[in-house]
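Protein chains: 2
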Amino acid sequence: MYLTQGLKRNVQIHGDELATQDGDRARTWRESANRIAQLAGGLRRLGVVDGDRVAVLSLNSDRYFEYFFAVPWAGGVFVPINIRLAPPEITYWLNDSGSKILFVDDNFLEAVKALDGNLETVQDFVYMGDGATPEGMHAYEDLLQEPVPDAERGYEDLAGLFYTGGTTGRSKGVMLSHRNLVSNSYHIHASGSYRPGMRYLHAAPMFHIADGLAVFGVTIIGGSHIFIPGFTPEGCLAALEKHQVTDTLLVPTMMNMLVNHPDVEKHDLSHLISVIYGASPMPESVIRRALDVIPDVKFTHAYGQTECAPLSTLNGPDSHVLDGPNAGLFKSAGRAAVGVDVRIFDEDDNEVAPGVVGEICVRGPNVMLGYWNLPELTEETLRGGWMHSGDGGYMNENGYVYIVDRMKDMIITGGENVYSAEVENALYQHDCVVEAAVIGVPDEKWGEHVHAIVRLYDGEAVDEATLIAHCHTLIAGFKCPRGVTFLDEPLPLSGAGKILKTTLRQPYWENQNKSVS
Amino acid sequence: MYLTQGLKRNVQIHGDELATQDGDRARTWRESANRIAQLAGGLRRLGVVDGDRVAVLSLNSDRYFEYFFAVPWAGGVFVPINIRLAPPEITYWLNDSGSKILFVDDNFLEAVKALDGNLETVQDFVYMGDGATPEGMHAYEDLLQEPVPDAERGYEDLAGLFYTGGTTGRSKGVMLSHRNLVSNSYHIHASGSYRPGMRYLHAAPMFHIADGLAVFGVTIIGGSHIFIPGFTPEGCLAALEKHQVTDTLLVPTMMNMLVNHPDVEKHDLSHLISVIYGASPMPESVIRRALDVIPDVKFTHAYGQTECAPLSTLNGPDSHVLDGPNAGLFKSAGRAAVGVDVRIFDEDDNEVAPGVVGEICVRGPNVMLGYWNLPELTEETLRGGWMHSGDGGYMNENGYVYIVDRMKDMIITGGENVYSAEVENALYQHDCVVEAAVIGVPDEKWGEHVHAIVRLYDGEAVDEATLIAHCHTLIAGFKCPRGVTFLDEPLPLSGAGKILKTTLRQPYWENQNKSVS
Chain A
607 MYLTQGLKRN
617 VQIHGDELAT
627 QDGDRARTWR
637 ESANRIAQLA
647 GGLRRLGVVD
657 GDRVAVLSLN
667 SDRYFEYFFA
677 VPWAGGVFVP
687 INIRLAPPEI
697 TYWLNDSGSK
707 ILFVDDNFLE
717 AVKALDGNLE
727 TVQDFVYMGD
737 GATPEGMHAY
747 EDLLQEPVPD
757 AERGYEDLAG
767 LFYTGGTTGR
777 SKGVMLSHRN
787 LVSNSYHIHA
797 SGSYRPGMRY
807 LHAAPMFHIA
817 DGLAVFGVTI
827 IGGSHIFIPG
837 FTPEGCLAAL
847 EKHQVTDTLL
857 VPTMMNMLVN
867 HPDVEKHDLS
877 HLISVIYGAS
887 PMPESVIRRA
897 LDVIPDVKFT
907 HAYGQTECAP
917 LSTLNGPDSH
927 VLDGPNAGLF
937 KSAGRAAVGV
947 DVRIFDEDDN
957 EVAPGVVGEI
967 CVRGPNVMLG
977 YWNLPELTEE
987 TLRGGWMHSG
997 DGGYMNENGY
1007 VYIVDRMKDM
1017 IITGGENVYS
1027 AEVENALYQH
1037 DCVVEAAVIG
1047 VPDEKWGEHV
1057 HAIVRLYDGE
1067 AVDEATLIAH
1077 CHTLIAGFKC
1087 PRGVTFLDEP
1097 LPLSGAGKIL
1107 KTTLRQPYWE
1117 NQNKSVS
Chain B
607 MYLTQGLKRN
617 VQIHGDELAT
627 QDGDRARTWR
637 ESANRIAQLA
647 GGLRRLGVVD
657 GDRVAVLSLN
667 SDRYFEYFFA
677 VPWAGGVFVP
687 INIRLAPPEI
697 TYWLNDSGSK
707 ILFVDDNFLE
717 AVKALDGNLE
727 TVQDFVYMGD
737 GATPEGMHAY
747 EDLLQEPVPD
757 AERGYEDLAG
767 LFYTGGTTGR
777 SKGVMLSHRN
787 LVSNSYHIHA
797 SGSYRPGMRY
807 LHAAPMFHIA
817 DGLAVFGVTI
827 IGGSHIFIPG
837 FTPEGCLAAL
847 EKHQVTDTLL
857 VPTMMNMLVN
867 HPDVEKHDLS
877 HLISVIYGAS
887 PMPESVIRRA
897 LDVIPDVKFT
907 HAYGQTECAP
917 LSTLNGPDSH
927 VLDGPNAGLF
937 KSAGRAAVGV
947 DVRIFDEDDN
957 EVAPGVVGEI
967 CVRGPNVMLG
977 YWNLPELTEE
987 TLRGGWMHSG
997 DGGYMNENGY
1007 VYIVDRMKDM
1017 IITGGENVYS
1027 AEVENALYQH
1037 DCVVEAAVIG
1047 VPDEKWGEHV
1057 HAIVRLYDGE
1067 AVDEATLIAH
1077 CHTLIAGFKC
1087 PRGVTFLDEP
1097 LPLSGAGKIL
1107 KTTLRQPYWE
1117 NQNKSVS
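Chain order of the listed sequences is A and B. If you count the first sequence from 1, you need to add 606 to reach this note's numbering. If you count the second sequence from 1, you need to add 606 to reach this note's numbering.
The following block holds chain A by itself, in its conformation from the complex:
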């Protein structure tokens, strides 16, 4: 069980078939694996030894794919960086992970320059673009020299650090092993959603573990990879048609833009077999529209967490129907994936009866090794051998999971997780703010958006725009409040002294039919 196994099997049995297609650049498995072994050689020459972290900040590309295999081939640990972070957050991820090398494409050269002087461990930069190599960086293609043998780390060895938002206001690195990522691939294979010979479009960002499912799962089963730099409905539609794509993964926001695009029916999407979506609830109207415009496509809802590498439950095509006994079943997050134990626990970690709300807990070979350098949080999250997701939900008599709340106080906006505490921390750093609570409020386009409720110190004054601008200096744009409500009186508190967010949310949600899938 090691990540590069599938790569080598593909060279053996699909050597002359398509591995990667990026624009007009196509490579076979033999070519791709050879480049990966050469890139691993380059990493070794830069000093990478077993267990060293190697980060990347880039839009999607075939080189990003090669990075995902060259790093373990060289014995290293990959650290994909969220492309929407603010500079202090990028700095934190790189320093916290102790990354030795940073890969960067043209789109983030300026962002990386801005980090100058703050990076504690990065020694080398690799420029992934095709332009002139910036001073002080290595050109990607120059690193491809003498290939080295595969380090063949595997099983429990650390393969990657995937950072996720932190309730403490700081991101935390989720440690995923080779076994975690390979097992997770097997779990999706057994669902029947993936198949040998599939042609997968990487439209969702590759830094995210949801796309990682495909980077590894499609490789292991022997499919081909198509890349677009990032999602636009036009670019996605064009690639689906041109490259006869059979499979892709979209977050609901992308799906919404795609199926409601005026040109959707002008494109030949006849090769498309299966679309997996995840990361947040899909509004019913979007599903209805999708079933209408691409009726032959099989839809699957995948629910999971970075900590589960990421798959916990799946809701398959049988549930995506508008009539018959299964009508409406798409509102569920689905049932335990093959190989994964899913249970609903009460506060004392006892399993609750069907229909009773509790915390969704997960166990399996896909569950993370733990949080990087956070042993106490790891122990707490994995207590009793179960990954405590922080998501509230219930399970019906037939094993269908319904998510009803996010116990960790998280907002999902446009497919991105935003932890309220992180935004509140930013607000609290403003001198005028005495009390702050951040909630998600309904948003037609993004599902929810971030909203702040703030009380200022007596006699202080600051306006909405200033407070939002203050946040932008500290955290990623998508995490910043879109609006601020100012209260004159103290925020409502629970008996235990916690701010009563349910009370704060109520006026925004009371007329909403919040169908959380």
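Don't take every hint at face value.
Treat identical chains as interchangeable: a pair holds within one or across any two.
What the hints assert, rightly or not - With a straight-line cut-off of 20 Å between C-alpha atoms, the simulated EDC-like cross-links for lysine to aspartate or glutamate are:
#, residue 1, residue 2
1, Lys904, Glu871
2, Lys848, Asp869
3, Lys872, Asp898
4, Lys614, Asp947
5, Lys1051, Asp947
6, Lys614, Asp955
7, Lys614, Glu1116
8, Lys614, Glu957
9, Lys872, Asp952
10, Lys614, Glu1003
11, Lys1107, Asp748
12, Lys614, Asp898
13, Lys937, Asp1049
14, Lys614, Glu1070
15, Lys937, Glu953
16, Lys937, Asp874
17, Lys719, Glu637
18, Lys1107, Asp1015
19, Lys848, Glu758
The hints are simulated quantities; they were obtained by calculation from the structure and are not laboratory data.
Assemble chain B onto chain A, guided by the hints.
Using the frame of chain A, we list chain B on its own:
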């Protein structure tokens, strides 16, 4: 990764669906899992503690299936006994494994009585039949009392001992872990041969790891199990039709009898989707006949070893065609299964070039922990991290493996492995025999049959029938020679002093088109 995981997932998501069907006796997953937890409770009360071995000698049944899950549920290790063994061999397996308990059905009560006094470790016998419980045995249904919690051993923990013929003349216990058996299931899932909702007929004997693939793989993916006691073409055809079977596994001898049965086309086999075959080469005439009488069925050839739990390579439906570019490809053993590394090594364990014959070697999470109590043989077989199969073969440019010889000097007759050395040992125990060599010779019905070439001590005389009868007192009937050739002169030897079996085989095979798949 533990064997009972799929069982519990099925209770959660398929609780009211069919788990097992044995004759007219049908049970849901909820019922089946409850019985398994109760049977595990019975095993615990009989004193089973973690790691204890529990053996079974029985034809196929739903109770055999329950045994396969109750033993790990109780923390034990299953030891399925070959139903065709002679009493001394059964005794050896039971004593060597140190089995504490033996499950036995009506068909083997007499055989077990004959072991009386020779068993060193068996303390309890469990009678699996529905008749009167023999004295000194526990009734199966009486053991089903208070359920116990699942021991949840998993990963590297020993799950089962599967005995295989030994080149040293003794069987050896292959130690398979939970991870071995679960990984192997994932590997077949990824091939697309298995699918949720499948209805699998256990026609091949359940003691064999080839059927174990289905016991665990079908359970994990959420299918149903149909049992017949053993293979007869009539019984198999009737069950395929009556229970709307979608999947089964047959050895070539069974397939031959099935597709050439006069009534094959009178049965409704329209539900049959996929047939896997393995264990020995399939004659081309049988494949042609199969494609003719059940043309809608997808055929897959699985090649493997007990040591690989058992899957190494697969040759899928695309290769089972009579026309086009893939015609004839069914003569190959196929390509590495998903998750499995397969290479051809020379005598120094270096990989050979495509087309060059060497030893087929296998690596993966499915490869055994080792041989029970045989550390030196384990180390030799698993040297360098690769399982050395003892099978000779080559791989073509596209990764297709062709088996050309059995380096371990093994005969496959009717799907059963017979190690020449074991038969030769039996012959040598006759006082008149000075030299013996056992080879496989062509057989229309069984593929090969066992033939002995013998030289007697000067002045001694014994006839063919007596020598064969002598073997029957020592080894299983299927291992005994069908014929004996007596030589007056010493058997031909190689320079190293080994009997030249190639020379002995030559007259039998020279006019045969030995197409070993």
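Against the structure, the hints:
1. Lys904 / Glu871: Within one copy, since 17 Å is at most 20 Å while 36 Å is not.
2. Lys848 / Asp869: within (15 Å within a copy, 51 Å between copies)
3. Lys872 / Asp898: Intra 14 Å, inter 44 Å, cutoff 20 Å: intra-copy only.
4. Lys614 / Asp947: between (31 Å within a copy, 8 Å between copies)
5. Lys1051 / Asp947: neither (34 Å within a copy, 47 Å between copies)
6. Lys614 / Asp955: This pair counts as between: shortest inter-copy Cα distance 18 Å, intra-copy 42 Å.
7. Lys614 / Glu1116: Neither: 55 Å inside a chain and 39 Å across chains, both beyond 20 Å.
8. Lys614 / Glu957: For lysine 614 and glutamate 957, the Cα distance is within 20 Å only across copies (14 Å; inside one copy 43 Å).
9. Lys872 / Asp952: Neither, since 50 Å and 57 Å both go past 20 Å.
10. Lys614 / Glu1003: between (43 Å within a copy, 14 Å between copies)
11. Lys1107 / Asp748: neither (54 Å within a copy, 57 Å between copies)
12. Lys614 / Asp898: neither (41 Å within a copy, 37 Å between copies)
13. Lys937 / Asp1049: within (19 Å within a copy, 60 Å between copies)
14. Lys614 / Glu1070: neither (55 Å within a copy, 53 Å between copies)
15. Lys937 / Glu953: Neither: 25 Å inside a chain and 59 Å across chains, both beyond 20 Å.
16. Lys937 / Asp874: neither (29 Å within a copy, 39 Å between copies)
17. Lys719 / Glu637: Neither, since 33 Å and 64 Å both go past 20 Å.
18. Lys1107 / Asp1015: within (9 Å within a copy, 74 Å between copies)
19. Lys848 / Glu758: Classified as neither: same-chain Cα gap 36 Å, cross-chain 49 Å, threshold 20 Å.
The earlier numbered hints that this structure contradicts are 5, 7, 9, 11, 12, 14, 15, 16, 17, 19.
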